[in-house]
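Visitor: Kindly produce the complete structure, drawing on both the sequences and the hints.
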Amino acid sequence: NVCGGYTDPPSTNLLETTSRWRQIAIDTPKLWAVLICDRLPTRRIKAYLSWSKSVPLSFSFDFKPSGRIPSNIIRERAVLLSRHSHRWQHAYLSARSKYFPFLLSSPAPMIESLTLKIIPITKDLGPYPIALDSAPQLSRLVATNAALPPTLYNTNLHHLQLHDCYIPHSSIYDLLEKLEACPRLQT
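Residues in the sequence shown are numbered consecutively from 39, following the working numbering.
Just so you know, these hints were derived from the structure itself, not from any lab. Honestly, I wouldn't trust all of these hints.
In silico DSS-like cross-links for lysine-lysine, where the CA-CA straight-line distance does not exceed 27 Å [claimed, not checked]:
1. Lys91 - Lys68
2. Lys136 - Lys102
3. Lys102 - Lys84
4. Lys155 - Lys136
5. Lys136 - Lys84
6. Lys155 - Lys216
7. Lys68 - Lys136
8. Lys102 - Lys155
9. Lys84 - Lys68
Guide: This is the structure we're talking about:
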């Protein structure tokens, strides 16, 4: 779990003590750099993104098609997160395919670990999930029901897990050739 199992960071308790402790907490960006977007209200996500300033983000965006959270709210949260993709470090993304263009439309140069679970299975995602050439620090990629980017080669990639993935305009042999070119790939 990218976010350590918390629904809200323990630092939230500091907001409910004295005004001095509240200000100390708000002025400590690292306390707010972990987000679980399906369990936090949008206003809290906005606050955490603001309070975390430029600190790298770890987050979980896990929206199963239950209808519990309205589609427009999910889209709003996806757009909020995408505006900070330059700060993503560890991300767990699980949602319907229609939200991925909002989430994966910008480069993520700091991302080290990315899990993509796309619901339902689709071969037409529009833009590919984060192109690996715009994620040079990516070392761990887990993808389910995803269209793999044509730029799969990444010198830092050491862990790769693929489940029911689609390789557009390519064959399994092309994929294996690209994977052989990943010098650090272990699994």
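Visitor: Sort out whether Lys102 lies within 27 Å of Lys136, counting only the CA atoms.
Guide: Distance ~12 Å between Lys136 and Lys102 Cα, so the pair holds.
Visitor: Does Lys216 lie within 27 Å of Lys155 when you go C-alpha to C-alpha?
Guide: At roughly 22 Å apart (the allowed maximum being 27 Å), Lys216 and Lys155 satisfy the hint.
Visitor: For the pair supplied as a hint, Lys102 and Lys155, confirm whether the alpha-carbon distance does not exceed 27 Å.
Guide: 10 Å, holds
Visitor: So if I understand the rule, the pair passes when the alpha-carbon distance is 27 Å or less; does Lys155 with Lys136 pass?
Guide: Distance of about 12 Å is within 27 Å: holds.
Visitor: Is the Cα-Cα distance between Lys84 and Lys68 27 Å or less?
Guide: 15 Å, holds
Visitor: Keeping to a limit of 27 Å between CA atoms, is the pair of Lys68 and Lys136 held or broken?
Guide: Given that 27 Å is the threshold and the Cα spacing comes to 31 Å, the pair is violated.
Visitor: Given the hinted pair Lys91 and Lys68, is their alpha-carbon gap at most 27 Å?
Guide: 9 Å, holds
Visitor: Just to be careful, I want the Cα atoms of Lys102 and Lys84 compared with a cutoff of 27 Å; is the pair within it?
Guide: Holds, because 21 Å separates the two Cα atoms, which is no more than 27 Å.
Visitor: Are the Cα atoms of Lys136 and Lys84 separated by 27 Å or less?
Guide: Holds, at about 22 Å.
Violated hints amount to a single one, hint 7; each of the other numbered hints is respected by the structure.
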